[in-house]
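For the sequence shown, the positions run -16 to 301 when my numbering is used.
Simulated from the structure, these hints should not be mistaken for lab results.
Hints may be right or wrong, so weigh each one.
Unchecked claim - Computed beta-carbon distance windows for the label pairs:
id, residue 1, residue 2, range
1, Val182, Pro147, 36 to 46 Å
2, Val222, Lys(-9), 46 to 56 Å
3, Ser117, Leu293, 47 to 57 Å
4, Thr126, Leu16, 26 to 36 Å
5, Gly184, Phe285, 25 to 35 Å
6, Leu192, Pro147, 30 to 40 Å
7, Ile199, Phe297, 48 to 58 Å
Quantities reported herein were computed from a predicted structural model and do not represent experimental measurements.
Just so you know, even glycine gets a beta-carbon here, dropped at the ideal spot from N, CA and C.
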Amino acid sequence: MNNGTDVKMFYLHAFANMRFKCLYFAFFLIVYLVTMIGNFLIIVLTIKDHLLQTSMYFLLRNLAFLDICYTSTTLPQLLVNLLIEHLAISLPACIVQLFAFLSLAASESSLLASMAYDRYVAICNPLRYSVLMSKNVCLQMVTGTWIIGVIFGTIHTVNTFRLPFCGSNVLNHYFCDIPPLLKISCIDTLPNEATVFAVGGFLMHGCFLMIFGSYIQIFCSVLRIPKGCGRKKGLSTCVSHLTVVLLFYGSGSCMYFRPKSKVLANKEWLLSLFYTSITPLLNPLIYSLRNKDIQGAFQRQFAFYALVFLKKTFEKYA
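Construct the complete structure from the given sequences, taking the supplied hints into account.
Set out below in structure tokens:
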């Protein structure tokens, strides 16, 4: 990558001069811990519980793992930023962070589309579900999402850091992202913006259209089911996924594909909080609170380990 200037460091300035930093720090620390614990529990439950060994929960397990990695690329940086007035990040660290963030975001976008296809097959073609969503197919889907993520991250990271940076090296953000980096470039960034619209738009809107098409088919199939014969369960299964999709794609689109706005010119990072922090936090909450299988698995595992603990305690003091 050929950087046009000798920029060695960037300064993250999103929370500079903000009041009540301790309260924000406590809030985002809780968000981070709940996100980690919630997604980790989903991973453990879907591995340990024999009733959750289906393609749906295999994909959910991968989503939880993605969310752990995805959140960890930005939230720790945000927490440090709240403690330090002008947090510095080196150029190599900035490159790595942008690549990791974009790769994981693209992988999650593709995985959400795969999960929509899984629900489509389960509800609209249940007799062929075990064939169409076999273990090999699921592995290929997940592998494909990671490959797409790496390609996407590489394209945009290389494209961004080929720009020469000049003037201020202060980013009005809490992590290295494309919009704030483009703002401090010395040259016209229209080609970069066009690449974001073309490549990013193709991936995000392509996945969203696939999800939208899948759910149209699902709702049509569910509405044909007589009342009281599984209609409510079929709709409930999909509501949680749709909630995640709307939050993730909605906030992401507002950040990268909206017209430039003077109102949001210095507060873009507020939008990014939704898809970097809130969505990964809500994923385990939505899937656990609206999913009886996950709730049942948690109760079974809790009861099992409680009995093991009581047995060992009894044997120790008997």
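A quick look at each hint next to the structure:
Between valine 182 and proline 147, the C-beta spacing of about 22 Å breaks the proposed range 36 to 46 Å. Separation of valine 222 from lysine -9 is about 49 Å and conforms to the stated range, judged on CB atoms against 46 to 56 Å. For serine 117 and leucine 293, the Cβ-Cβ distance of about 40 Å falls outside the hinted range of 47 to 57 Å, so the restraint is violated. Checked against the hint of 26 to 36 Å, the C-beta distance between threonine 126 and leucine 16 comes to roughly 30 Å, which is consistent with it.
Range check, glycine 184 to phenylalanine 285: Cβ separation about 44 Å, and the 25 to 35 Å hint is violated. With their beta carbons about 37 Å apart, leucine 192 and proline 147 fall inside the hinted range of 30 to 40 Å. At about 56 Å, the CB distance of isoleucine 199 to phenylalanine 297 agrees with the hint of 48 to 58 Å.
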